[in-house]
Amino acid sequence: MSWKNFSKSLKKRRKYPPSIGGRSKAVKSKTSRSTDKQEQFSRRAFLVTIGQGGVLSLLAVRMGWLQIAEADKYKTLAEDNRVNLLMLAPQRGLIVDRFGVPLAINVRDYRAVIIPEKAEDMESILKELRKYISYNDGTIEEVLKKSKKVSRFVPIEIVNNLDWEDLSKIEVNRPSLPGVFVETGEIRSYPLKESTSHLIGYVGRVSEKELSGNPVELLPGYKIGKSALEKQFNDELKGKPGQREVEVNATGREVRDLTVVAPTSGDRLTLSVDIEYQRFAQEVLSKHKSAAAVVMDAHTGAVYALASHPSFDPNLFVDGIGTQAWNELLNDPTFPLTNKAVAGQYPPGSTFKMMTAMAGLEAGVIEPNTTVVCPGYYKLGNGKFHCWKNGGHGRMNLKSALEQSCDVFFYKLSTSIGIDKIAEVSKRFGLGENLGFELPEEKNGFIPSKYWKKKRFGEKWQPGETVINSIGQGYVLTTPLQLATMTARLVNGGKEVKPWLSGFMNEKPLIPSGWKQMDIDPKHLELIKQGMDAVILGEQGTARGSRIPDETMSMGGKTGTSQVRRITKAERATGRKRQEDLPWNERHHALFVGYAPTNNPRYICSVIVEHGIGGSSAAAPLAKELLWEIQKRNPAESPFLPNGGMASFDTQQKKHG
Amino acid sequence: MFEPKMRLNDNTSLLHKVGHLNWSLVALLCMVAGVGVLSLYSAGNGSFSPWASRHVLRFSILLAGCLVIALINIRFWYKLAYPVYAIGIVLLIAVEIIGHAGMGAQRWIDLGIIQIQPSELMKIAVLIALAKYFHPASSEDMKRMSFLIPPALMILLPVGLVLLQPDLGTSLMIVMAGIVMFFIAGAPFWLFFAGGAGVIALIPIAWTFLHEYQKKRVLIFLDPESDPFGSGYHITQSKIAIGSGGIEGKGFLKGSQSHLNFLPEKQTDFIFTLWVEEWGLIGGLLLLLINAAIILYGIWISYMCKHTFGRLLAFGLIVNYSLYVFINIAMVMGLIPVVGVPLPLISYGGTAMMATLISFGLIMSCSLHRDSKLPRMN
Chain A
1 MSWKNFSKSL KKRRKYPPSI GGRSKAVKSK TSRSTDKQEQ FSRRAFLVTI
51 GQGGVLSLLA VRMGWLQIAE ADKYKTLAED NRVNLLMLAP QRGLIVDRFG
101 VPLAINVRDY RAVIIPEKAE DMESILKELR KYISYNDGTI EEVLKKSKKV
151 SRFVPIEIVN NLDWEDLSKI EVNRPSLPGV FVETGEIRSY PLKESTSHLI
201 GYVGRVSEKE LSGNPVELLP GYKIGKSALE KQFNDELKGK PGQREVEVNA
251 TGREVRDLTV VAPTSGDRLT LSVDIEYQRF AQEVLSKHKS AAAVVMDAHT
301 GAVYALASHP SFDPNLFVDG IGTQAWNELL NDPTFPLTNK AVAGQYPPGS
351 TFKMMTAMAG LEAGVIEPNT TVVCPGYYKL GNGKFHCWKN GGHGRMNLKS
401 ALEQSCDVFF YKLSTSIGID KIAEVSKRFG LGENLGFELP EEKNGFIPSK
451 YWKKKRFGEK WQPGETVINS IGQGYVLTTP LQLATMTARL VNGGKEVKPW
501 LSGFMNEKPL IPSGWKQMDI DPKHLELIKQ GMDAVILGEQ GTARGSRIPD
551 ETMSMGGKTG TSQVRRITKA ERATGRKRQE DLPWNERHHA LFVGYAPTNN
601 PRYICSVIVE HGIGGSSAAA PLAKELLWEI QKRNPAESPF LPNGGMASFD
651 TQQKKHG
Chain B
1 MFEPKMRLND NTSLLHKVGH LNWSLVALLC MVAGVGVLSL YSAGNGSFSP
51 WASRHVLRFS ILLAGCLVIA LINIRFWYKL AYPVYAIGIV LLIAVEIIGH
101 AGMGAQRWID LGIIQIQPSE LMKIAVLIAL AKYFHPASSE DMKRMSFLIP
151 PALMILLPVG LVLLQPDLGT SLMIVMAGIV MFFIAGAPFW LFFAGGAGVI
201 ALIPIAWTFL HEYQKKRVLI FLDPESDPFG SGYHITQSKI AIGSGGIEGK
251 GFLKGSQSHL NFLPEKQTDF IFTLWVEEWG LIGGLLLLLI NAAIILYGIW
301 ISYMCKHTFG RLLAFGLIVN YSLYVFINIA MVMGLIPVVG VPLPLISYGG
351 TAMMATLISF GLIMSCSLHR DSKLPRMN
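Which chain is which? The protein sequence lines are A and B, in order. Throughout the first sequence, residue numbering follows our numbering, covering 1 to 657 in sequence. Throughout the second sequence, residue numbering follows our numbering, covering 1 to 378 in sequence.
Bound conformation, chain B alone:
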């Protein structure tokens, strides 16, 4: 049912292309954004200001941008892969220089109209660059270390820069998405086992590099009740909010934990908590199901793609999206330590939404141009 009825080629008219966009995927994205609008309306104590109205506005504009990206031929992105990557790196360096501190870490560039978080965009850039790199690779190439080192460096360079900010969550996500890219591109299995063993060995060393607040977050995650009014407060209050929602929830605008401000960061990282406090397990599972459908749709698109670049890119992007969803929800339910990862399309915030919709624009472009011919150079 996701399969387009006819193949498109490079000469297909724009109007025709529009008709073949993945409108059901767009509908699913709108549903998620709708959950965001409802939650932000509630977070604003039953008001469109300050968050819900801007959320609607941003989503509308960025969705249009997303569709435009989808309509652009995938070859364009294929050609621009490395320049995009280079721009991402430049922006990351710029944030070190001109970015100003927010929440104890330098992450933002203030462009006056919009604040952008280059690390969010960098994730996409890394995936495009990796997809391009692995596109022409043969199975034999994938077994050669010399072939695998450049892409590894392509991941580690931005990771290093993001760590400098410091933003552990985002750098880990880039690493995870990169590993998945290596995996689906066909890197040998032993590499991942060896890498896993290496990571475990490196944990004690990494620990010493963590900032105090990061160490604290990890420790408190291990025992949140040890500090109920300190940093463990976030996890504890979030769990109280979710648990007290029960099966049916407290009702729209009736979440006491959220409305009485027991819930921290309710409009950003903890928005899922607000949603399930008011809509209960039913609302929570509904949101999980919509996201499952989006992820499967993305994997389906990846699978249907005829060229390796599109396959890898769509898959990498959808994995990246799922990582956001998983990490955010696992965090607010106390399954993993608190890391600053928003819930895509629901959390209030411009850059994250921009990154998400750019991703889906690219995914849909992969779908629309799945039969496009890409150069097969070595």
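This is chain A alone, in the form it adopts within the complex:
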């Protein structure tokens, strides 16, 4: 029955009052009174009914407004309510050596997390937890900050790498730790510890500053590369997070999975490094307080070992290093945190003489038969420049000057060559410039020029400065990696190789190839190599004591001893103090660059022993060991394949799946 009909009939009723059967005419007045009353009732009831109809219409309109006009808005809100997106942490890609030996892996990790929603007072609960397990001072603050950035039911990592004792302490004290839970996950681990720390670096928690807004960064246990290869290849290693769409109820509890997209593991990085050899190199260096070495391939540029001593355990950083351990590392005078092979910048000393010689040959100032008489010093204007050998070397040619490392030969000729030519040649051989090596810690070194001095100091370049720089002192600074590169280019037939570490990203080769031929006269290269051969093999060679007994593996090279502080006139007059009597950090640096075997060199080695006093006494013996061992292992002859040629676990899975 419609409202219209009803109101009509109601009106009809008013016009024709109902007959009231059974009532006598005697009570007519009463009847009319009651009819009046009934009419009044009808009018008023009609008004109330209209009012009710109005309210009902209003409700219908409101319902229509919510369910038609605003339906889309509310549908979105309902969906937001219902669905939570949860990130699934991807597995970080492995880093393996050239034979597939894992250097950076992921291991099972137990960690304590806190779910803000379930913790009433996070700060006091975190303080309570600290009674049972230890963690850093900043952690509480950091957790509180992070908790403000995510939904209240997202767990936030407090501390990881818990052992069984920690776990049981948390379990036992659970009643006093509402909101604290133990989660299992994966954590980065470096099984070879100190041997790979400078090479691979480490990962760590995303710091406040590093947050990019990607929600995956807030996942418990999520780490990013903080140094070395872990940092350089973070994008490739980190993988792609998966996603779980879950239906949640009003309290945030998960009801069921809607969709699950599995995370994609990070790529596996295969290095050119031979890890056993790397460990050997690290071991060899540890004879000294502080040293670094690079061993690379002369033709391909592949780095077989990149060692820096002392080192540190990268696993400490993954867990969040304690303040005390951190301060110890930071204040150690031998700088264990610095990779000296790429970030140590040293005056190259006599190892630079090849550059001066090459510049002389290229400029036509030096010829194979050019000779210089060394009286033990060289006078230029008012300056007197001493040779390292008191009394001098006598008559020197290029070969013998390199063999015996005569300073005066290079002093004298450098004035004719000029610093700019020396600088130009040095840079072509990879010194003083960024080599584009994969380690972000790589330093550029420095090669001076006249233009630089004018610009930097506003002063004219002095000829005396050329003299000093010609033997790798003065302004010249190089890294061991650069010296290795220089040596490779000198003995590989003039190919402009650059060192590299990363061989494959999964199956994809990253190996650089097709090195450009340098515009260098091969005869000049041969002349210099003869001099370097003689350094070891010659009768007077400065490193003749470091000959490799096996003649087929003989090495050539060049020693270098660089001053850390200037020797004053007074000291020369009173007789120089023995180096051994000086404080460690004032002693000379000992350097050596070498190659082997001497006929058709394959392996290049660059060594620095910080404050090792003498290149021939400290550095050359290390190079001998390194070059001998690498030839025995001869990694250049074994095929270089992704993951060492071993099909990895996950690729097998993919094939079968």
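Among the hints, erroneous ones may be present.
Claimed, not checked - Distance condition first, Cα-Cα at most 25 Å in a straight line; then the derived BS3-like pairs of lysine-lysine:
1) A/Lys75 x B/Lys254
2) B/Lys143 x A/Lys37
3) A/Lys37 x B/Lys79
4) A/Lys454 x A/Lys427
To be verified - Where chain B lies over chain A, by a calculated footprint (3+ residues, C-beta under 8 Å):
5) 96-106
6) 200-213
If you're looking for bench data, these hints aren't it; they were derived computationally from the structure. Every residue gets a Cβ at the ideal spot worked out from N, C-alpha and C, and that includes glycine.
For chain A, the structure is supplied; the task is to place chain B on it using the hints.
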């Protein structure tokens, strides 16, 4: 079509009376209760327990009671009007003494088997008493203040007691139903304008008497988004549920807001939200239409009644029913502040259903006994 084919008198046999019950009204009530069963089945996550089965049971028993009341001669209720009222008052006082607190307010008397909420029954008692009082009144009587003061006190006494509990929603509903009774009984118009003005003047004073949670509800009603996870949560989530239902609804048992517990009190005050989330605008309008039919039916019965007592009682009761429906639906759609008013025959709860079916029993009794002769005393 609602009109009975023949007049009944006091001597009509019981069987005959049964045949003349308003079966179409009963059918409409069953439809509403059916909506309740479907909604409670859904609220129980697709299960008859804990709510739907008891709802069916209660409705069956109470509907039988409703029919029994309908068959009892209206004169019986006319005679018992004041005693019923007195019992209601006694129960209201009893709730103050023995009732225990529920939801921050004393409203229940626990009789062991059933918990009763005297204020629900009191609404009916007030209406019966008013109907009896106004039954013999002439138009002249209705213009006399001295005649109007006793019924006003009859309203204010239970209102005062209910306010003590405190239950603002129910006391307001008693006041509103009472005002409607005055209005249809023929009280002069100026009285209502004066009363309206008085109420507006009293609002600031009344505000200070409100409990904290009541003040909060009103404030949050004015701006629900200001506190999306606090008390405004109810209104906001209810609107999300209704809006997201759209025209066709999410489907039976598929209301995410209700099933994932975003919706508060889904089996009681917010049951309408659950219904329209799953059945959409279509289901919502259907329910409104059924209720419109019930209300019109009630007004029709009132209109057809020959005696003032029945007219006033049926009208008052149907207005009372419509107030439940309007207030509940307006509340869940965010049109008025959250007040604890259930949706009759759909919300889970015994006392409200009992009160509703007693009301319809009385309404049908008015219909069945519309020609009964009642004393015309002054």
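Each hint, compared with the structure:
| no. | hint | verdict |
| --- | --- | --- |
| 1 | A/Lys75 x B/Lys254 | holds (13 Å) |
| 2 | B/Lys143 x A/Lys37 | holds (13 Å) |
| 3 | A/Lys37 x B/Lys79 | holds (22 Å) |
| 4 | A/Lys454 x A/Lys427 | holds (19 Å) |
| 5 | 96-106 | violated (count 0) |
| 6 | 200-213 | violated (count 0) |
Hint check: violations occur at hints 5, 6; the rest are consistent with the structure.
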